[in-house]
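2 protein chains.
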Amino acid sequence: MTFPDFHHEADYLSFLEARSALPAGFRAAVSRIAFTPQERPTLEPYRMNLALLCADEPVESFGGVFTRNAFPGAPVILGRERLAEPVVQGVLVNNKIANVRAATGLEDARRLTAALGERLGLPAERLFSVSTGIIGWTLPVAEIEGAIPSLCDGLHRGSALDVAQAIMTTDGFPKVRRVEIGGGSILGIVKGAGMIEPNMATMLAFVLTDVAIRREAARRALAQAVRESFNAITVDGDMSTSDMALLLSSGRVAGVAEDDFVQALARLCGLLAQDVVRNGEGAGHVLQLTVSGLQTDELARGVAKAVANSPLVKTAVYGNDPNVGRLLSAVGDYLGSAGLSVDPRLITIRVGEETVFAEGAFRIDREKEVRLSDYLKSAAMNPRVTGYPQHQRSVEIAIDCGMGRADARVWGSDLSDQYVHENADYRT
Amino acid sequence: MTFPDFHHEADYLSFLEARSALPAGFRAAVSRIAFTPQERPTLEPYRMNLALLCADEPVESFGGVFTRNAFPGAPVILGRERLAEPVVQGVLVNNKIANVRAATGLEDARRLTAALGERLGLPAERLFSVSTGIIGWTLPVAEIEGAIPSLCDGLHRGSALDVAQAIMTTDGFPKVRRVEIGGGSILGIVKGAGMIEPNMATMLAFVLTDVAIRREAARRALAQAVRESFNAITVDGDMSTSDMALLLSSGRVAGVAEDDFVQALARLCGLLAQDVVRNGEGAGHVLQLTVSGLQTDELARGVAKAVANSPLVKTAVYGNDPNVGRLLSAVGDYLGSAGLSVDPRLITIRVGEETVFAEGAFRIDREKEVRLSDYLKSAAMNPRVTGYPQHQRSVEIAIDCGMGRADARVWGSDLSDQYVHENADYRT
Numbered sequence: 001m002t003f004p005d006f007h008h009e010a011d012y013l014s015f016l017e018a019r020s021a022l023p024a025g026f027r028a029a030v031s032r033i034a035f036t037p038q039e040r041p042t043l044e045p046y047r048m049n050l051a052l053l054c055a056d057e058p059v060e061s062f063g064g065v066f067t068r069n070a071f072p073g074a075p076v077i078l079g080r081e082r083l084a085e086p087v088v089q090g091v092l093v094n095n096k097i098a099n100v101r102a103a104t105g106l107e108d109a110r111r112l113t114a115a116l117g118e119r120l121g122l123p124a125e126r127l128f129s130v131s132t133g134i135i136g137w138t139l140p141v142a143e144i145e146g147a148i149p150s151l152c153d154g155l156h157r158g159s160a161l162d163v164a165q166a167i168m169t170t171d172g173f174p175k176v177r178r179v180e181i182g183g184g185s186i187l188g189i190v191k192g193a194g195m196i197e198p199n200m201a202t203m204l205a206f207v208l209t210d211v212a213i214r215r216e217a218a219r220r221a222l223a224q225a226v227r228e229s230f231n232a233i234t235v236d237g238d239m240s241t242s243d244m245a246l247l248l249s250s251g252r253v254a255g256v257a258e259d260d261f262v263q264a265l266a267r268l269c270g271l272l273a274q275d276v277v278r279n280g281e282g283a284g285h286v287l288q289l290t291v292s293g294l295q296t297d298e299l300a301r302g303v304a305k306a307v308a309n310s311p312l313v314k315t316a317v318y319g320n321d322p323n324v325g326r327l328l329s330a331v332g333d334y335l336g337s338a339g340l341s342v343d344p345r346l347i348t349i350r351v352g353e354e355t356v357f358a359e360g361a362f363r364i365d366r367e368k369e370v371r372l373s374d375y376l377k378s379a380a381m382n383p384r385v386t387g388y389p390q391h392q393r394s395v396e397i398a399i400d401c402g403m404g405r406a407d408a409r410v411w412g413s414d415l416s417d418q419y420v421h422e423n424a425d426y427r428t
Numbered sequence: 001m002t003f004p005d006f007h008h009e010a011d012y013l014s015f016l017e018a019r020s021a022l023p024a025g026f027r028a029a030v031s032r033i034a035f036t037p038q039e040r041p042t043l044e045p046y047r048m049n050l051a052l053l054c055a056d057e058p059v060e061s062f063g064g065v066f067t068r069n070a071f072p073g074a075p076v077i078l079g080r081e082r083l084a085e086p087v088v089q090g091v092l093v094n095n096k097i098a099n100v101r102a103a104t105g106l107e108d109a110r111r112l113t114a115a116l117g118e119r120l121g122l123p124a125e126r127l128f129s130v131s132t133g134i135i136g137w138t139l140p141v142a143e144i145e146g147a148i149p150s151l152c153d154g155l156h157r158g159s160a161l162d163v164a165q166a167i168m169t170t171d172g173f174p175k176v177r178r179v180e181i182g183g184g185s186i187l188g189i190v191k192g193a194g195m196i197e198p199n200m201a202t203m204l205a206f207v208l209t210d211v212a213i214r215r216e217a218a219r220r221a222l223a224q225a226v227r228e229s230f231n232a233i234t235v236d237g238d239m240s241t242s243d244m245a246l247l248l249s250s251g252r253v254a255g256v257a258e259d260d261f262v263q264a265l266a267r268l269c270g271l272l273a274q275d276v277v278r279n280g281e282g283a284g285h286v287l288q289l290t291v292s293g294l295q296t297d298e299l300a301r302g303v304a305k306a307v308a309n310s311p312l313v314k315t316a317v318y319g320n321d322p323n324v325g326r327l328l329s330a331v332g333d334y335l336g337s338a339g340l341s342v343d344p345r346l347i348t349i350r351v352g353e354e355t356v357f358a359e360g361a362f363r364i365d366r367e368k369e370v371r372l373s374d375y376l377k378s379a380a381m382n383p384r385v386t387g388y389p390q391h392q393r394s395v396e397i398a399i400d401c402g403m404g405r406a407d408a409r410v411w412g413s414d415l416s417d418q419y420v421h422e423n424a425d426y427r428t
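Taken in sequence, the protein lines are chains A and B. Okay, so the first sequence: first residue is 1 according to this note's numbering, each after it adds one. Okay, so the second sequence: first residue is 1 according to this note's numbering, each after it adds one.
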């Protein structure tokens with residue numbers, strides 16, 4: 001499932017619609033409510049989407065990976081509890097309010113799983129309550145409860161595109177990827193656009209498969225896939241209170257070799273992670289940072305993230321300005337702060353096909369500046385275009401530090417004025 | 001020297017002009033050149049300002065603090081060498097190009113000190129060559145050399161406002177502070193607006209005094225003052241290749257108790273540091289983060305900087321949106337990443353006079369939201385107004401973690417779309 005360039009939202013949506021079939025044994029539904037927040041005076045009611053993913057039978061093989069934020073939201077606290085259950089069966093998701101540290105947050109989450117369980121004829125303990133949106137506000141529990149009957153009545157098979165759309169917050173477009181494996185498939189639906197940094201900040205990922213796999217193998221596979229995908233992307237350095245990735249297997253299709261499943265899941269999550277970066281709030285470019293030649297993976301990852309997170313690097317890329325001095329400065333900032341003394345003659349920096357720093361000095365001239373600027377322009381996206389990914393190109397930056405054998409790769413986005421606009425009054 | 005609110009650039013400049021007298025024994029001059037950069041094709045020549053600070057006699061009591069970036073510019077390498085000299089006497093400063101890792105950078109810096117020394121009748125070793133601006137480009141050495149005679153001819157006493165103006169890059173206004181001590185004074189001139197993070201990124205500070213002080217005492221005083229001022233501010237998390245703070249004493253006025261000097265210098269640098277934050281590229285608010293109740297100063301400082309650097313916190317403040325959930329999320333991100341488990345019931349967060357989080361839950365309601373938004377508006381600056389500081393108010397955020405006795409204070413700025421505009425094509 002590779003993507004062509006898109007020029008219209010409708011083309012993207014029909015492309016996705018045809019490629020987002022729920023695996024056997026799962027149904028989905030969405031609904032919408034209106035409410036007035038307890039915490040803010042409003043003239044117009046707020047809108048909230050609800051989504052439901054539901055397995056036909058109890059699922060024994062499931063797993064979850066959660067944020068490391070010290071103040072996780074109620075959905076994360078509840079989700080961690082659910083990992084100990086013998087079986088689970090469904091996930092209720094709302095956008096708009098993240099249900100983090102409101103006075104009645106955990107109680108509200110439990111109440112919703114109880115109400116949903118009653119309607120579906122299931123124990124509450126088989127259900128997840130997942131929320132994304134504003135931190136600190138209280139869920140409109142009564143309004144959500146009121147919508148549960150119609151939500152359950154709407155459960156359907158076929159495409160899960162409606163769920164991918166319903167769980168969006170500042171996302172510019174829905175994100176779904178699907179891989180086929182053995183006689184079945186793995187479907188991934190992801191939500192996330194800002195606050196993307198290690199550990200999946202403000203990111204929700206729901207992965208459903210009909211391929212049989214043992215619970216422990218599923219959990220190992222999910223942990224590895226998250227490490228190499230969602231934990232290798234960075235948009236703005238924040239890690240949210242609400243991130244999670246859930247995996248459920250209906251087991252309807254005969255299993256495959258565990259390694260094959262691990263690889264397929266990692267590939268799926270890698271594609272979803274890059275979708276999230278490309279969809280970063282107001283992103284004008286996707287950056288792929290490859291850092292090699294350091295003593296440890298941790299150091300390589302640290303340098304890569306430092307460069308990818310540098311606001312000065314990000315704003316220069318946004319402006320298609322090949323201000324390569326800022327790359328060296330960001331590397332030097334990180335290594336210097338880590339107390340390392342480094343011989344600049346060992347460092348090589350490449351942007352696309354161009355070497356811009358080698359043997360201790362910058363290698364730039366007027367012609368190369370023009371080529372670099374053209375390269376940045378060729379990978380640019382219009383950050384004001386939303387609704388579909390315009391293309392799949394990235395700005396590739398490779399930094400070799402010449403001091404060891406460890407390397408790391410991360411993906412990030414640039415920093416546009418559109419990002420600031422979106423986050424300056426996110427809650428309106 | 002406290003500042004009133006200003007409404008016109010002319011008022012600010014005449015206020016500053018009257019309060020920026022060079023201490024006894026120092027002269028200053030500025031000049032301007034045009035050049036075509038080696039690295040970029042241009043239709044119009046670039047403009048570069050030159051500034052010269054010069055003591056009448058050799059200065060035995062001087063000190064310098066430099067960036068910890070692993071790839072320091074030639075001025076930093078040369079400046080560190082100069083610390084071992086028995087005496088120094090002058091500082092040549094240029095803006096526009098930072099002289100970092102150009103192939104001939106160190107050679108260029110030495111050539112400029114030689115040319116200047118020849119004109120002034122001094123050994124090159126008594127002179128600093130200091131540069132700020134674009135990283136990676138080559139200094140127009142011939143053009144600078146050509147301007148040295150007229151620069152030296154222009155040496156004058158009285159106000160150093162012209163120097164504060166000449167060394168600006170993206171600075172919105174010149175920054176000078178002066179304190180009187182004993183029978184003399186300490187004058188501080190600072191340049192810096194973006195890339196401000198610990199260790200004075202892209203910040204140049206020149207501190208001149210006529211108060212006699214021994215060299216070692218001067219160096220101790222400078223180190224302490226920098227730690228509590230320039231190293232406690234953060235605008236965007238980058239630490240540049242070029243930062244430095246230099247202190248020179250002409251010794252013309254009888255000395256004071258060392259403690260008094262230390263305190264006066266720290267006060268001066270604190271004021272200059274806040275000037276830099278207030279002048280952050282496109283800053284719409286100054287944030288003062290006070291974090292208390294942690295086990296170590298390092299942890300407290302880490303939390304304070306994490307919150308001050310969170311793009312989501314910064315953009316919310318820019319929008320006068322009291323999205324206090326992002327404060328807790330940023331604290332939790334830092335503490336969670338540090339591997340600490342924290343009881344949320346111990347955390348208290350205050351914004352201005354309002355408690356927004358206590359006893360494990362957010363404390364917000366519709367009326368408080370309105371008051372918080374009004375508070376943010378009252379501290380807002382128009383980021384498009386440049387030329388003068390509009391007022392001296394800050395957004396005060398206090399976070400008590402309830403787990404220890406260590407605390408820290410940092411100053412930062414919000415993140416406006418204007419910041420992105422300025423940095424997206426800084427080099428044009």
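The set of hints was computed from the structure by calculation and includes no laboratory data. Accuracy of the hints is not assured; some may be wrong.
So the derived label-pair ranges between C-beta atoms look like this [to be verified]:
no.: 1; chain 1: B; residue 1: Leu-346; chain 2: A; residue 2: Thr-104; range: 15 to 23 Å
no.: 2; chain 1: A; residue 1: Asp-365; chain 2: B; residue 2: Ala-223; range: 37 to 45 Å
no.: 3; chain 1: A; residue 1: His-7; chain 2: B; residue 2: Gly-402; range: 28 to 36 Å
no.: 4; chain 1: A; residue 1: Asp-365; chain 2: B; residue 2: Gly-402; range: 54 to 62 Å
no.: 5; chain 1: A; residue 1: Asp-5; chain 2: B; residue 2: Arg-19; range: 54 to 62 Å
no.: 6; chain 1: A; residue 1: Glu-353; chain 2: B; residue 2: Leu-346; range: 49 to 57 Å
no.: 7; chain 1: B; residue 1: Gln-390; chain 2: A; residue 2: Ser-373; range: 29 to 37 Å
no.: 8; chain 1: B; residue 1: Glu-353; chain 2: A; residue 2: Leu-346; range: 52 to 60 Å
no.: 9; chain 1: A; residue 1: Arg-371; chain 2: B; residue 2: Glu-85; range: 28 to 36 Å
Covered stretches of chain B (in silico footprint by chain A; criterion: 3 or more residues with CB under 8 Å from a CB of chain A, positions within the stretch not fixed) [what the hints assert, rightly or not]:
no.: 10; region: 87-101
no.: 11; region: 128-140
no.: 12; region: 386-394
To give a feel for the contact side, a few chain A residues facing chain B, derived at Cβ under 10 Å [what the hints assert, rightly or not]:
no.: 13; residue: Ala-70
no.: 14; residue: Ala-98
no.: 15; residue: Ala-102
no.: 16; residue: Pro-344
no.: 17; residue: Thr-348
no.: 18; residue: Thr-355
no.: 19; residue: Val-356
no.: 20; residue: Arg-366
no.: 21; residue: Glu-367
Backbone N, C-alpha and C fix where the C-beta goes; we use that ideal spot for every residue, glycine too.
Hint check:
no., hint, result
1, Leu-346(B) / Thr-104(A): 15 to 23 Å, "holds, 20 Å"
2, Asp-365(A) / Ala-223(B): 37 to 45 Å, "holds, 41 Å"
3, His-7(A) / Gly-402(B): 28 to 36 Å, "violated, 55 Å"
4, Asp-365(A) / Gly-402(B): 54 to 62 Å, "holds, 57 Å"
5, Asp-5(A) / Arg-19(B): 54 to 62 Å, "holds, 59 Å"
6, Glu-353(A) / Leu-346(B): 49 to 57 Å, "holds, 53 Å"
7, Gln-390(B) / Ser-373(A): 29 to 37 Å, "holds, 36 Å"
8, Glu-353(B) / Leu-346(A): 52 to 60 Å, "holds, 53 Å"
9, Arg-371(A) / Glu-85(B): 28 to 36 Å, "violated, 44 Å"
10, 87-101, "holds (count 3)"
11, 128-140, "holds (count 4)"
12, 386-394, "violated (count 0)"
13, Ala-70, "holds, 4 Å"
14, Ala-98, "holds, 7 Å"
15, Ala-102, "holds, 6 Å"
16, Pro-344, "holds, 5 Å"
17, Thr-348, "violated, 13 Å"
18, Thr-355, "violated, 13 Å"
19, Val-356, "holds, 8 Å"
20, Arg-366, "holds, 4 Å"
21, Glu-367, "holds, 8 Å"
Of the hints listed earlier, those the structure fails to meet are numbers 3, 9, 12, 17 and 18, in rising order.
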